[in-house]
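Number of protein chains: 2
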Amino acid sequence: MKLHTYFRSSAAFRVRIALNLKGLAYEAAFVHLPKGAHRQPDYGALNPQALLPTLEDAGHLLTQSLAIIEYLEETRPQPALLPKDAPGRARVRSLSLLVACEIHPLNNLRVLQHLKRELGQNEDQVNAWYRHWIADGLARLEGQLARTPGTGRYCHGDAPTIADCCLVPQIFNAQRYQCDTTPYPGAMRVFAECMKLDAFERAQPARQPDAE
Amino acid sequence: MKLHTYFRSSAAFRVRIALNLKGLAYEAAFVHLPKGAHRQPDYGALNPQALLPTLEDAGHLLTQSLAIIEYLEETRPQPALLPKDAPGRARVRSLSLLVACEIHPLNNLRVLQHLKRELGQNEDQVNAWYRHWIADGLARLEGQLARTPGTGRYCHGDAPTIADCCLVPQIFNAQRYQCDTTPYPGAMRVFAECMKLDAFERAQPARQPDAE
Chain S
1 MKLHTYFRSS AAFRVRIALN LKGLAYEAAF VHLPKGAHRQ PDYGALNPQA
51 LLPTLEDAGH LLTQSLAIIE YLEETRPQPA LLPKDAPGRA RVRSLSLLVA
101 CEIHPLNNLR VLQHLKRELG QNEDQVNAWY RHWIADGLAR LEGQLARTPG
151 TGRYCHGDAP TIADCCLVPQ IFNAQRYQCD TTPYPGAMRV FAECMKLDAF
201 ERAQPARQPD AE
Chain R
1 MKLHTYFRSS AAFRVRIALN LKGLAYEAAF VHLPKGAHRQ PDYGALNPQA
51 LLPTLEDAGH LLTQSLAIIE YLEETRPQPA LLPKDAPGRA RVRSLSLLVA
101 CEIHPLNNLR VLQHLKRELG QNEDQVNAWY RHWIADGLAR LEGQLARTPG
151 TGRYCHGDAP TIADCCLVPQ IFNAQRYQCD TTPYPGAMRV FAECMKLDAF
201 ERAQPARQPD AE
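Chains as they are written, first to last, in our numbering: chain S, 1 to 212; chain R, 1 to 212.
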């Protein structure tokens, strides 16, 4: 397997965690997002969405982090990253999508660049935008962890799931932008539990060969 | 089953299509998004994310449209909304997530309100933002439909999948904001095929009891 990744890409980070949790070795190909390497024709030939990550597996080109992780779950079921019961699976997916659809899309690189270049927002204003959507989304996540049954040592139960693969990169982003995380004790407790695991620790941006 | 819905919510629209495709009857409870009904405590007790839709099924409270549709797929497998092969399932999910993670989150109501109220954007500027992300995302979608194998009468093969449940509401939004859809002939062809089906037709905003 070959993963096209960038150390700071949250979506690639999710997949790195899932690969590590499943004990799958992979070759890394580095795509420098700020330099626009993902918009070059050679990368576009692999991934017409021109987004990170892409996973190559047995001649298949897989795109979108959550679709890739579901694929890994279907083709390499053990250890499972989804519970067995349908309502539990739905809860894990809902927590994952809360990060992937409600927080991260508002804060990714092309949106921040658009705010600067097209809307004329200065650095402080862009940072305020970033922190606003982190606070908005993490409050929703905290509410779901606190008020729906299923939360255990991790987001759902006592084994890591796809929800944890999404939560951890999002907390890294929050910390990088100096967001106040004290209003989210449940999420931060899960984050701390995850980071005790080698699979999460090894996947973090600073541990990647392309880290700057 | 009870679906908490709003006629103009794209995420609720996706689930309405999936329920119709699977021939599942449901009771509708209407949540008026512009009036902030989703932020009221009674709705928050059902859905701590305070987002639409929520599906109630056999005492389970299900949230996030794609998690709900995957749950329906697992609990009511026929007719299938995902292909059987893992790479095909990954492609359908990738197309779905392209809409759900890259286009729609940038254009939902709370983001447009934030642009107006906090960034002082006027109506023309908000509309330009809207159209920018539609154009950006639909170009990626068109590329994936044109350049990856699997596209058939619908986004993937000759039966509707979750990808079509996501595509159709997004095209409705594009048309509502008078976006130019001529650069996306593949996506528009699939859209036209979908709208020939009663399951899509009946799910559209104008056909809902709460339509204004």
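For the record, the hints were derived by calculation from the structure and aren't laboratory data. One or more of the hints may lead you astray.
If several chains are the same, the list does not tell them apart, and a pair holds so long as it fits within one copy or across any two.
With a straight-line Cα cutoff of 25 Å, these simulated BS3-like cross-link-like pairs (lysine-lysine) come out [said to hold, decoys possible]: (1) LYS22 to LYS84; (2) LYS2 to LYS116; (3) LYS22 to LYS196; (4) LYS22 to LYS35; (5) LYS2 to LYS84; (6) LYS35 to LYS116; (7) LYS22 to LYS116; (8) LYS2 to LYS35.
Predicted model only: the values in this text are computed from it and were never measured.
Violated hints - listed by number, lowest first: Violated: hints 2, 4 and 7.
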